[in-house]
Amino acid sequence: MAELLASKEWATFLQVLPTIPFETWETIWSTAVATLLALVIGLPLGVCLVTGEQGGVRPLPRWVMSLLNALINLLRSVPFLILMIIVIPLSRLIVGTSIGTPASIVPLVIASFPFVSRLVETSIREVDAGVIEAAQSMGATPLQIITKVMIPESMPSLISNVTIATTTIMGYGAMAGIIGGGGLGKIAINYGYYRFNGVLEIFATVLLVILVQILQTVGTRLALRCDKRIQR
Amino acid sequence: MIELQHLTKRFATKGGTVVALNDINLTIRDGDIYGIIGMSGAGKSTLVRCINMLERPDEGSVVVDGRQMEKLTAGELRAARRDITMIFQQFNLLMQRTCLRNIMFPMELAKVPKEKAEARARELLELVGLPDKAEAYPAQLSGGQKQRIAIARALATDPKVLLCDEATSALDPNTTHAILQLIQKINRELGITVVVITHQMSVVEEICNRVAILDEGTVVEEGEVQAIFSHPTSAAAKRLVYPAGAPKAESLPGHKLVRVAFNGTQTTDKPLVASLAIQCGALVSILAADTRIVNGQTLGSMLLALPDDENAARAIEYIKNYPGITYEEVNG
Ligand SMILES: Nc1ncnc2c1ncn2[C@@H]1O[C@H](COP(=O)(O)OP(=O)(O)OP(=O)(O)O)[C@@H](O)[C@H]1O
Ligand SMILES: [Mg+2]
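Chains as they are written, first to last, in the numbering used here: chain A, 1 to 232; chain B, 1 to 332.
Just chain B, with the same shape it has in the complex (with noise of 0.2 Å):
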């Protein structure tokens, strides 16, 4: 379990004091997909290298596994960071290693054996998919291929947690999409707890099962993926959820305005928007939408219209008893 307790950061420069983190408090249990999200400079990178204390906090503590990560010594934090690895957006390996001594190399500062490390770094080739590029430089993979030899780099020391720092932003979305299924199968076969940094909202619906929204420092929104996805409170928060703007309810007269939200809805086997039009035969129209399909479930919501007759209180009925659905009735 990690605990951020009152945690505050702030960094000095010409321009004045920066609070890049301020009284952050936030607790991520044992096994999460743990989601930190926000736009730039909003403080997720100074949020996670607080976690290893690759960056110092200027109040408030880390606790990890009941363990206070800024007391320890220097010796005691370079064991305790073999618990807690990191992957990063522009991958940081070594260029002049082969992957197979990328990966050893954390192995080679713990002085593990050299032929227990290579057989471990064989074997986590193996886990990333890559056994064939045990001789290869980093320079001869793609952006994919060199983030997978970054994770079975990270996982060489069998840590408990994984921080990745933007891990997918320098990829293009198929392979955002095979890296994120590569770090959810870690984190249910390995049991390893990870923590997510983010700007993309597609990643914290792909794979977190809770997500922090961060916003100038400061934590304006926590809970469950599908909670704050589908009920965005805070203004950080719609932002992410509908960067081109949250559908505006402008009132159609003869229409009833109704929002729904879908929470990861399986609407693929049964649409909704055709359901209503056939078995309530309301003549709904979408006004605004703005939803995606992630593994076959539907997140995201929709502004429908439905024409104020006989048939709106039956299609109402029908929205309220759609699995996965939240409804609300606007009015523009």
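Extracted from the complex, chain A is given alone in its bound form (with noise of 0.2 Å):
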């Protein structure tokens, strides 16, 4: 321990403590607008992946459907490390500059959307057929039928499954430290992986895995709560 304490990595801890809450605080709202922005597409389009099949609420043409998941599938199945490099001309036009956290945001929301839009078209695919049967013989509109009654019924497994995509983004946030993102994961391989700090290294992961579990707890609670099929 003595040895610890009068070692250069951690003079260098110290020095880099007074950064934490700021880089905890980036972390933590790029993953919050990062799974807000892949929210917002993937929502619509979890749900247009589910209404838009022949025989659903309201059926696209075929080869929209085809392309649709085609372009879900070719997104998810590219590394993140590869996409991240990938999209930094991208990153360069949207947000002007390709490094900080702002720019890693690009990134995190094409490799994520996809990926929500798949838990978002499962949590739907959960919602009895025979309920939205039901909104149909009462003279539903598809659209009332989407707001109506498939987001309200799957709420539940929504609130889960956007808890899960929160928790990936927020892993994959910390990735984005490679090309220049901020937060913790800046730390960790900042300092515990390019000049081998391992007390640093070790005090951002723990920091990264008790945000997730914080997020995690939160997350199944509210699930739990507002799921009124649970009699409590």
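Note that these hints are calculated values from the structure, not bench results. Fair warning: this is a prediction, and the values are worked out from it, not measured in the lab. Any given hint could turn out to be false.
[As the list claims (entries may be wrong)] Below, in silico cross-link-like pairs of lysine-lysine (DSS-like), each with a Cα-Cα straight-line distance of 25 Å or less:
(1) B:Lys160 - B:Lys116
(2) B:Lys160 - B:Lys71
(3) B:Lys114 - A:Lys148
(4) B:Lys238 - B:Lys320
(5) A:Lys148 - B:Lys116
(6) A:Lys228 - B:Lys114
(7) B:Lys160 - B:Lys114
(8) B:Lys160 - B:Lys185
(9) A:Lys228 - A:Lys148
(10) B:Lys111 - A:Lys148
(11) B:Lys320 - B:Lys270
(12) B:Lys160 - B:Lys111
[As the list claims (entries may be wrong)] Ranges of calculated distance between the beta carbons of each label pair, as one might list FRET restraints:
(13) B:Val19 - A:Val212: 55 to 65 Å
(14) A:Val40 - B:Ser61: 39 to 49 Å
(15) A:Arg229 - B:Ser61: 33 to 43 Å
(16) A:Arg229 - B:Glu108: 19 to 29 Å
(17) B:Arg239 - A:Gly55: 29 to 39 Å
(18) B:Ser142 - A:Leu60: 34 to 44 Å
(19) A:Ser77 - B:Thr17: 36 to 46 Å
(20) B:Leu77 - A:Val40: 27 to 37 Å
(21) A:Thr220 - B:Arg239: 46 to 56 Å
(22) B:Glu108 - A:Val95: 33 to 43 Å
The beta-carbon is built from N, C-alpha and C at its ideal position, and this holds for glycine as well.
Build the complex: two chains, separate frames, hints provided.
Here it is as structure tokens:
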């Protein structure tokens, strides 16, 4: 212990420590913004994957569905590390720079919206076909079925899945440290990986783990609380 | 009035084409409680789903109050569906909404102002006998209560027709009875035409005035419930009326065999078999019986053996004059 406290690693740790709250905040807001944007794109897409099918509530042309599925599968099969590098020009175009936390949000959203749309798709599919048919038998429009039946009825499952998406995006966000994204991932990679500072690497990782734990707990609670199928 | 004209529906499946409905012709008059009965797979659900175009018929047409349903545009059809509502075996309530908001749902779809919808929903809760369940969620209700909420929801848009697809099949006999009573009350008090889909004879017996028997996509028998039940002619009807097989007449030496059919007869205060023995001195024995008493009315049939003696003629005369009984001598 005494040895550790006297080491250079420890000195760097103490030096970096004051920036930790800021970097934690970077992780939190970039995850939040990326999740929100991924949801903005992924939610309608996921709904379309269900409603657009033949026999769905609002069937879309077959080729549209095939294209949609192919695009989602393609984006999901590109490893995030590579995707981050591929979209650097795009980040530059959208955010004006290719480094820093805002720039890292672009690849995060592109990598996660296909994943989010698949999660939304599974949630929406869980809605009882009988309930949808009942709504149709009452003269609901396709849009009414989506907004008043599919989404509210699958809300607990959607919340669970959005929680999964958020934790995954936080994990991806940590990787964005490699291309200059900010946050706890940057600390772990820059000090831990590049400069062999084990203390900082572990410290940043533990903070990330704690964040994920909190998120997951809150998400699970929320999903359970809003589920009226459970009798309490 | 609902008229089904040459209705045909086919399904393409991997194993080939299934003809679910084959040239169905039926007329359901206003105020009827019309039963459609058949074995599993007979096409009952397909038939009822064609009435509100949840299923598009391949041929033929569905005419409701003079309007050809299959010709309506999407918007017109949605409006028409407010007049033809439906309840289901699995209730199909919105599980994340309270009962009150479930009942308000169809009014919400129809853009009825919220206050008005809520007032109407509370009235309906009263009507179905669950005024205290407004804020309960469907998961907190029993099956019978769920179906009451579903009925209230189906009534929210003041429909002219209520379609019931196996609405009591998931319920126990007592609850079934209570729900059927409620449906009957709705029919009588609100003048709503009811179409009842079921595979249970007892359901038709209890509330329907007319019935169609569906077998493999065709209507094999159609008419007044009591006429069909006392004299089933088609094989499918016999299977439904006598699930355990029709009472078979086996010859009994020295006896006359008589089949009596009860068409909703009042027998409780004047038991037939006992009266035959006491009043006519006929030592009658029951060879087979498949009868049930519904609301104090006897339905079904019985196979009796009368000793072929001087009392037999008197006994037969007695049976003939007994109100509400059809009688038939059988040769074993
Ligand atoms: N969507 C469908 N695709 C293919 N075949 C279907 C479809 N719907 C119904 N069928 C077939 O049509 C026939 C009639 O089905 P239907 O559901 O109307 O029967 P049912 O009388 O309601 O039976 P049950 O009492 O079991 O509900 C069956 O042979 C069924 O397999
Ligand atoms: Mg059915």
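Hint check results:
1. B:Lys160 - B:Lys116: 20 Å, holds
2. B:Lys160 - B:Lys71: 20 Å, holds
3. B:Lys114 - A:Lys148: Holds - the C-alpha atoms of Lys148 of chain A and Lys114 of chain B are around 15 Å apart, at most 25 Å.
4. B:Lys238 - B:Lys320: Distance ~24 Å between Lys238 of chain B and Lys320 of chain B Cα, so the pair holds.
5. A:Lys148 - B:Lys116: 19 Å, holds
6. A:Lys228 - B:Lys114: 22 Å, holds
7. B:Lys160 - B:Lys114: Holds, at about 23 Å.
8. B:Lys160 - B:Lys185: 14 Å, holds
9. A:Lys228 - A:Lys148: 16 Å, holds
10. B:Lys111 - A:Lys148: Status holds; Cα separation ~13 Å.
11. B:Lys320 - B:Lys270: 15 Å, holds
12. B:Lys160 - B:Lys111: 19 Å, holds
13. B:Val19 - A:Val212: 55 to 65 Å: Since Val19 of chain B and Val212 of chain A have Cβ atoms about 57 Å apart, the given range 55 to 65 Å holds.
14. A:Val40 - B:Ser61: 39 to 49 Å: 45 Å, holds
15. A:Arg229 - B:Ser61: 33 to 43 Å: 41 Å, holds
16. A:Arg229 - B:Glu108: 19 to 29 Å: 21 Å, holds
17. B:Arg239 - A:Gly55: 29 to 39 Å: 34 Å, holds
18. B:Ser142 - A:Leu60: 34 to 44 Å: Holds - the Cβ-Cβ distance for Ser142 of chain B and Leu60 of chain A, about 41 Å, lies within 34 to 44 Å.
19. A:Ser77 - B:Thr17: 36 to 46 Å: At roughly 40 Å between Cβ atoms, Thr17 of chain B and Ser77 of chain A fall inside 36 to 46 Å, so the hint holds.
20. B:Leu77 - A:Val40: 27 to 37 Å: 33 Å, holds
21. A:Thr220 - B:Arg239: 46 to 56 Å: 53 Å, holds
22. B:Glu108 - A:Val95: 33 to 43 Å: Distance hint for Glu108 of chain B, Val95 of chain A holds at roughly 42 Å.
In summary, this structure violates none of the numbered hints.
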